[in-house]
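Each chain sits in its own coordinate frame; assemble them with the hints.
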Amino acid sequence: MIINEGVVMMSVYDLKPGQTALVSGILGDEKLAKRLRALGANEGVKVRVKSFAPLGDPIIINFMGFDLAIRKRDAKNIVVKDII
Amino acid sequence: MVVADSKRMITAALIGNPNVGKTTLFNLLTGLNQHVGNWPGVTVEKKEGFINDNVKIVDLPGIYAMDTYSNEEKISKSFLESGDVDFILNIVDASNLHRNLYLTMQLKEFNIPIILILNMVDVAEKKGIKIDYENLSQLLGVMVVPIVASKGKGVDKIEELLSNGIFSKANHDNDIHYQNVVHFKSEAETYKYIEGILSQCLTYTSENTFTITERLDKILINKFLAYPIFIAIIYLIFQFTFSWVGQPLADLLDSFVNDWFVPHINILLSGANGWFKSLIVDGIIGGVGSVIVFLPVILALFLCISFLEDSGYMARVAFLMDKIIRKMGLSGKAFIPLIIGFGCNVPGVMSTRTLESEKDRKMTALLLPLMSCNARLPIYLVIAGALFKGHEAVVVASLYALGVIVAFFIGILFKNTIFKKDDEPFIIELPEYKLPELKSLALHTWEKGKGFLRKAGTIIFSVSIIVWLLSNFNFSGMTEIDKSFIAGIGRFISPVFIPLGFASWQNSVSLLTGIMAKEVVVGTMGVIYGGNLTKILPTVFTPISAISFLVFVLLYTPCISLIATMKKEYGSKMAMFSVAYQLVLAWLVSFIVYNGGSLILRIF
Chain F
1 MIINEGVVMM SVYDLKPGQT ALVSGILGDE KLAKRLRALG ANEGVKVRVK SFAPLGDPII
61 INFMGFDLAI RKRDAKNIVV KDII
Chain S
85 MVVADSKRMI TAALIGNPNV GKTTLFNLLT GLNQHVGNWP GVTVEKKEGF INDNVKIVDL
145 PGIYAMDTYS NEEKISKSFL ESGDVDFILN IVDASNLHRN LYLTMQLKEF NIPIILILNM
205 VDVAEKKGIK IDYENLSQLL GVMVVPIVAS KGKGVDKIEE LLSNGIFSKA NHDNDIHYQN
265 VVHFKSEAET YKYIEGILSQ CLTYTSENTF TITERLDKIL INKFLAYPIF IAIIYLIFQF
325 TFSWVGQPLA DLLDSFVNDW FVPHINILLS GANGWFKSLI VDGIIGGVGS VIVFLPVILA
385 LFLCISFLED SGYMARVAFL MDKIIRKMGL SGKAFIPLII GFGCNVPGVM STRTLESEKD
445 RKMTALLLPL MSCNARLPIY LVIAGALFKG HEAVVVASLY ALGVIVAFFI GILFKNTIFK
505 KDDEPFIIEL PEYKLPELKS LALHTWEKGK GFLRKAGTII FSVSIIVWLL SNFNFSGMTE
565 IDKSFIAGIG RFISPVFIPL GFASWQNSVS LLTGIMAKEV VVGTMGVIYG GNLTKILPTV
625 FTPISAISFL VFVLLYTPCI SLIATMKKEY GSKMAMFSVA YQLVLAWLVS FIVYNGGSLI
685 LRIF
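As they're listed, the protein sequences go chains F and S. The opening residue of the first sequence carries number 1 in the working numbering; numbering runs sequentially from there. The opening residue of the second sequence carries number 85 in the working numbering; numbering runs sequentially from there.
Bound-form chain S, shown alone (with noise of 0.2 Å):
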């Protein structure tokens, strides 16, 4: 017999303290079948799952108390509040439950009836803690079922819980789950009352001796390893993803859009116009093939970040480098990030989301693109390759420390300017370490490259049409380059770049078709000044001025896949900011670079 109100979509609300195996228990419970956004009006991540078609369950952000602060906390408060949800799943650490009862008690203050899951009842049993549900379940007036999430087990009668839709509003009447409400005036009274909760149900069997997670921050937290042992997961990371996993899978990707697709998609158009095969070839495939190639590098990337902050060795990063880190506004989680986009700035910006604050998240995302990303090494090369031959390591390390001297002073200008609100005190726990579950890291890296495939993969199409349309055409029909709109507005805009010394169409265009991706500035100037660029390019640049146009390069604009991580992440506002502080901030730092440099070569 179908009941009318059994078809009613339920919507239940997880939530819980951070590390207690929440989103394990989330994806868990709803596989693939989730859905990622954001909350309206902030960047915190917003999930909603589905198990069969009539459950809903929204993961809310992991937050100690209601009361507080955080955007987490208020988003929480009010969603329960909303109306919209039916119940809630309140998952504990099973082997912590006097600070994780503190939330439930505050949660029992909404009147919606509370399913408790107490997880991780394995390591409390290893611990030496013995539990009486029973008795726990009268107590605090929920229903309670223990789990281990890690291991799958008891899930399934959460899953029964849910689908047998005991909780649809109608039935919500004389049962249990409304009862012992207590409202009260302090957190020290909560703590007491948990406290005499527990003290009729726990009974402990032994005492808790020296853990794994002690014996690892011995090692892993140490005064004169700690810093090695740091730079050495990042220097693993670097290599898994650009040399061992990433970077190989992108060049077969490469070589497979190139070699294989680009020919084939050749032979098929051997009948069609010129222009329409140079649209679908150079212009499309071309475009979007250069970005969807970053694939895999992006996916190799996040499944080693996802492995450090399932592991709980992320925390520890935020506790070694909150000193350094401390003085640009910014807490020390935030090394992770700027870490990373030196790789390359897009899986950099899409990790801020880790952060634990707003304002962090922002702040971050901007001073990201400042870290000398890979695609930029090439345009190094050629350059100091052609003018400073020899020296090119120089060059190009100051380069890179030129990018995060200035993020610094950007970071600093920045805390005191739009970012001075709010200035959030810094408390991070550090969890027990544990081994990261395969299928939710496999779930985590997927939903980043999902999410960089479809919103970025619409902007690029659409961009690599128009620049396409730019470089190909004038009022006259289809052109060569030198004849193409974009030469026009490259002559347009020339004359801005005067004072930095490297002022022609060609230089102009390059780094209007580099906002396409940076490496594409070599490309270009390959094919404008057509010829040997070793040669050419220092007829065309002085030592100084080059030394100018590259720290152009490594200031301007951010590229097109990192423009639509922004707007994806952050909004258009965020992006459009980003993209003019940069120019601004480019113009500046070259226009300093080339006078100063002049003067000096005039004095000496």
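Same shape as in the complex, but just chain F (with noise of 0.2 Å):
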């Protein structure tokens, strides 16, 4: 969980693999975000877990059709809300 603002919001980090939920924004390094949104990581677009490497991280992530690993660190992240 992440608190901003005093408002608590999910990340890619808190879905288990197989979950899938909506992407609602990226916080964090510029860099990195403006990576994921050229991407396609964009408000609204679907991502699903895939599953986590052996040691636990980095995790498979799926969104625009394709997979991408990403650390944990910087899945937290990925703001994402309505688990579907």
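Read the hints as simulated data drawn from the structure, not as lab findings. Among the clues, some could well be false.
Residues from chain S that keep clear of chain F, each with C-beta distances beyond 12 Å, as calculated [to be verified]:
{"no.": "1", "residue": "I147"}
{"no.": "2", "residue": "A310"}
{"no.": "3", "residue": "A477"}
Mimicking DSS-like on lysine-lysine, the simulated pairs with C-alpha atoms at most 30 Å apart in a straight line are [claimed, not checked]:
{"no.": "4", "chain 1": "S", "residue 1": "K276", "chain 2": "F", "residue 2": "K31"}
{"no.": "5", "chain 1": "F", "residue 1": "K76", "chain 2": "S", "residue 2": "K619"}
{"no.": "6", "chain 1": "S", "residue 1": "K619", "chain 2": "S", "residue 2": "K567"}
Predicted, not measured: the structure shown is a model, and the values here were computed from it. Ideal Cβ positions, reconstructed from N, Cα and C, are used throughout, including at glycine.
Structure (structure tokens):
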């Protein structure tokens, strides 16, 4: 869970493998945020957590039809809503 | 009729996302007519190829967007802005147009005509995606060519378009390729626009189901199987390179050089002066020959690496190793070059090219020489065999482990000092698995071999002559090695090794010649100590000074082939830094080992 200005939000980090949710925004490092947005992780896009690495980190997420490996630390910055 | 304008070389920029078949298309279009170099100032590969004599294709690095921060993106941007580009070949994955067209939208803003190449239309079809090319071309305002690069389908169409020279600057005006340039305020807006276009061009006939990639991933990155499989693959690569193919070929080449070529040269030169014969045979053939025999090993290793790279497995390795190697500030992908380094550091440094960020490339290249390569093994075996009979395995294994441990700490040190800036976030696409193209593999492998021969060859040639001169001459002419310049140099530097416990001109000279190739250390010792090393070495070394010497051999300056490779890939500054830091490092660690060891021995 992330607490941003007093509001509790959920991130990709909080999803279990197999769960899908909708992206509501990206926080943190602007470089990474820009890259993720350029790859299509924009508001309303479906993002699914596929699996964790054998050592627990990084994780594989899927959005816009392709798989992306991302570190958990960075996954916390992808804010999501509405688990499907 | 020959029009003056058509004589002009036309320049096309080939650009696209990673893993969309860009390299395959580039190879198909240009074949062996390629030139590989570096973009000025950065360690990013610059590939140029030619079609006939009038079209030049520049293969830009694979990128997802233009507006972020990497060197690859900056290079692409400034090249497109340079005014040298007549048109853009934008290759996209037809089965994932949404994401691929993001880059296309940015490319349109450069006001350069674009040919949009839809690759893998067969895969798209299999996934149940039907594309209306005509409509797509109209809506995007670009020319659209569907192809299947892996099967060579549709490539002739591109060649035809290029050779007709329809894009020479003169007839840019009033064609459709400038139209529909839209400026977007945000990424989300761009994607909305792309979605709008694609909804008019794509129809889905069936829903995408469980793919081969997902099935393979279930095994290859499985919680329990992933690491055993990875180790097995690395083991296979080493077997292939060092037991089955590479090394046997290298041995064959070696015996060809030494048992056939050298005797023939000897006969040929039988009438010549002694010194001239020695220069040719011992100096040049001995020096260059000892490096040339690396070639089969390098080719074999690169064939395997290219296979892993092209198949999509390499991205999974990065994913699997990231957590371990992150502590040194490297991304998971850096693991492969380091592993290769255990075989031979030279292809290890060459393969750092495949890493995404410049920081990763440089840092991995600097840590690589600490991985104990095969050439150092004979030294360990001879000295351990002479002084630690029955315990050779422990000694050798400890040295390998020490190299890894030292690399780990140096990695942490570098991370916090010289490579402190621009810590790039780790995100890596896991592409779909595919069977690599034979032609692409062959070209890739040959490219590496050619570069090694040309660049390393010239440097080694001159160094071989220098070393030969130094070890065969002094001021009064030709002489024995113990009276030569190199012995003098050995005597001059040997005081440096007094605190390390192995100061003698013989040891110093052995280490010096070891810069040619590490295994030469043993050969030189054989020559200078003259006789059975197993008997002589225990009189020269104490157990603790022998360990100190071995540690020094493990860590000190890389061999000339590696220095040459380092210079070729990263420039002289990096090569010099590598030599300097390793000399200091080797001295310090040997000092600690020797003095610490002596102290412990005195106490007990």
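Hint-by-hint comparison with the structure:
1. Non-interface status of S:I147 relative to chain F is broken: a Cβ of that chain comes within 12 Å, the nearest being about 10 Å off.
2. Residue-level check failed: S:A310 sits 5 Å from the nearest beta carbon of chain F, not beyond 12 Å.
3. With a cut of 12 Å on Cβ distances, S:A477 stays outside the contact zone with chain F, its closest approach being about 30 Å.
4. For the hint linking S:K276 to F:K31, the alpha-carbon distance of about 22 Å falls within 30 Å, and the restraint holds.
5. Between F:K76 and S:K619 the CA atoms are separated by roughly 64 Å; this puts the pair beyond 30 Å, and the hint is violated.
6. For the hint linking S:K619 to S:K567, the alpha-carbon distance of about 24 Å falls within 30 Å, and the restraint holds.
Violation of the numbered hints given earlier is confined to hints 1, 2 and 5; the remaining hints are satisfied by the structure.
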